[in-house]
Amino acid sequence: GAGVSQSPSNKVTEKGKDVELRCDPISGHTALYWYRQSLGQGLEFLIYFQGNSAPDKSGLPSDRFSAERTGGSVSTLTIQRTQQEDSAVYLCASSLRDSNQPQHFGDGTRLSIL
Amino acid sequence: GESVGLHLPTLSVQEGDNSIINCAYSNSASDYFIWYKQESGKGPQFIIDIRSNMDKRQGQRVTVLLNKTVKHLSLQIAATQPGDSAVYFCAETGANSGGSNYKLTFGKGTLLTVNP
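Here the protein sequences come in this chain order: L and Y.
Going by our numbering, the residue at position 7 of the first sequence is 82; the numbering climbs one at a time, nothing skipped.
Going by our numbering, the residue at position 3 of the second sequence is 16; the numbering climbs one at a time, nothing skipped.
One or more hints might be untrue.
[As the list claims (entries may be wrong)] List of simulated lysine-lysine pairs, DSS-like, C-alpha gap at most 27 Å:
no. : chain 1 : residue 1 : chain 2 : residue 2
1   : Y       : K55       : L       : K132
2   : Y       : K55       : L       : K92
3   : L       : K86       : Y       : K69
4   : L       : K92       : L       : K132
5   : L       : K132      : Y       : K116
[Stated by the list, open to error] Far from chain L, by Cβ distances over 12 Å, these chain Y residues were calculated:
no. : residue
6   : V26
7   : G29
8   : N35
9   : D44
10  : E52
11  : S65
12  : L78
13  : T82
[Claimed, not checked] Counterexamples of contact, computed for chain Y against chain L with all Cβ distances above 12 Å:
no. : residue
14  : Q27
15  : N31
16  : D68
17  : T76
18  : A91
19  : Q94
20  : V127
Bear in mind the hints are in silico, worked out from the structure with no lab data behind them.
We put the CB at the ideal spot given by N, CA and C, even for glycine.
Use the sequences and the hints to build the structure in full.
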């Protein structure tokens, strides 16, 4: 597609369940990012992938969060044993390369933990 | 400008007026800056960027000004339209963002409301 695609757009789940969020970046973009946006807040960096390099996981808030990127394209963000504080919009972005390039965002997955 | 806490700064303008949205940043090593527009239920949309070797850049109806001396960034929107109503975020990155220059640091955002 023309832009970054994320699915599902909305996810409601019970506390303690695992969730998996998907991101399909813009074709040809080598860099992929995950951010989290809580209500009324700015964006919080979670993780970054660039090509075959080791990902930068420094923004992941706990070991319940993990992400992978298969084949240098699609990425999945997994949250295990979800907690209510995990409720947020999870945004994915991609860029042509990493440095000094605008990151283009998808519309996010709105995650609600009951 | 930047907010402290959960309350977004707001700017309300009349249709056709010019709008100026401000952003202060703290990292003197930041060398790349972006403005994003976010509408309700959507992801941030890229508007314009500027590198630290410039102090002004213009796009279609938008101008970004960078003052590195006082670490201040502004977005000017000419002839503001109702469709410009959204939250506007500034973002920055630089060589000392954890040793990388890809990790964007976002401000809390400014809510722009355009009255017809």
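Hints violated by the structure (listed by number, smallest first): 3, 9, 10, 11
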